[in-house]
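First to last, the sequence lines map onto chains A and B. According to our numbering, the first sequence is numbered sequentially starting from 1. According to our numbering, the second sequence is numbered sequentially starting from 1001.
I should point out that these hints are in silico values taken from the structure, not numbers from a laboratory. One thing to keep in mind: the hints can contain errors.
Cβ-Cβ distance ranges computed for the label pairs, FRET-style [said to hold, decoys possible]:
1) L95(A) to F1041(B): 40 to 48 Å
2) V1127(B) to A96(A): 53 to 61 Å
3) A7(A) to V1127(B): 49 to 57 Å
4) D1084(B) to G77(A): 20 to 28 Å
5) G1059(B) to L95(A): 27 to 35 Å
6) D81(A) to E1012(B): 50 to 58 Å
7) A121(A) to R1104(B): 31 to 39 Å
8) R78(A) to G1059(B): 26 to 34 Å
9) R97(A) to D1125(B): 54 to 62 Å
Beta carbons: idealized from backbone N, C-alpha and C, even for Gly.
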Amino acid sequence: MRGPAGARLVIVYGDYECPFCAAVDVRLHELELRVAFRHFPVRSSHPRAQAAACAAEAAARQDAFWPFHDALFADQGRLEDPHLWARAERLGLDLARFDADRRSDAVAERVRADFRGGIRAGVATTPTLFVDGERHAGRPDAALWAALRG
Amino acid sequence: MAVIEAGRPVPEFSLARFEGDPPFTRQDLRGGTTVLVFYPFAFSPVCTDQLSVYQEVVGDFEARGVTLYGVSCDAVWSQRAFRDKLGVTIEQLSDFEPKGAACRVFGVLHPGGFAQRALVMIGPDGVVRWSHEADSPGDLPGANLIFDALDAT
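Given only the sequences and the hints, what does the whole structure look like? Please build it.
Structure below.
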């Protein structure tokens, strides 16, 4: 979760290989909102989404979730292992630890738990946003953006 | 036309399978719980498809004795290409000829000649256990609806 305390909360279910998710993420970050990101990697559509989600969670274990998250969305064409290592290196992470963590069962389970939570909440596409408890599937329309701008 | 309701026995129907298999009919519903996932068109432009999401939890469905099938009015070859593109294993059933005949039986044939986005759960006895029709073709029903129906019925 990031954003100013007391700001409106938006929960985003997304996948690092989904171009619409990247576009939405950038726009949300520009607004005065608290954003919680939940992993919803759909492997059949996006073969590197799962690995990218696990990498972000591994970075989180070194307090670098959001910088890593931004670095993933900023360059979706480069999500292979060497690209993930390059990001970790650039952010000054302990590489050996990062690599062990991203392959660990605990991290995979963390990502899976997000996914299952999404399924339970009726997520059927990415991105899906929850605002004030209401589900908005797909890219936000103009009315939702207007509401989010407050 | 509205989707077939719970409690009704499934009428006779026939859907084509890939590779000249005998068609999928009411007899194929025996022995397990079936969910028919009706969708409007193969390759319709949504970023992450409903079937890709269901694929992620296909193991959970199997563990509960449930088999999912995708159903549309597309030809078998189009469905196979669509399945390959999505990278899913969910079998596709084609209502191409006579077009929409099975969709009409299940009450999901849109006047435009395609299947409404709908889910029909059928028990091993061939009786509809639960059904759901989406409000619009763009409204993708989450897998949670199927799990909830399994828990509730």
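Which numbered hints fail | Of the numbered hints, all hold.
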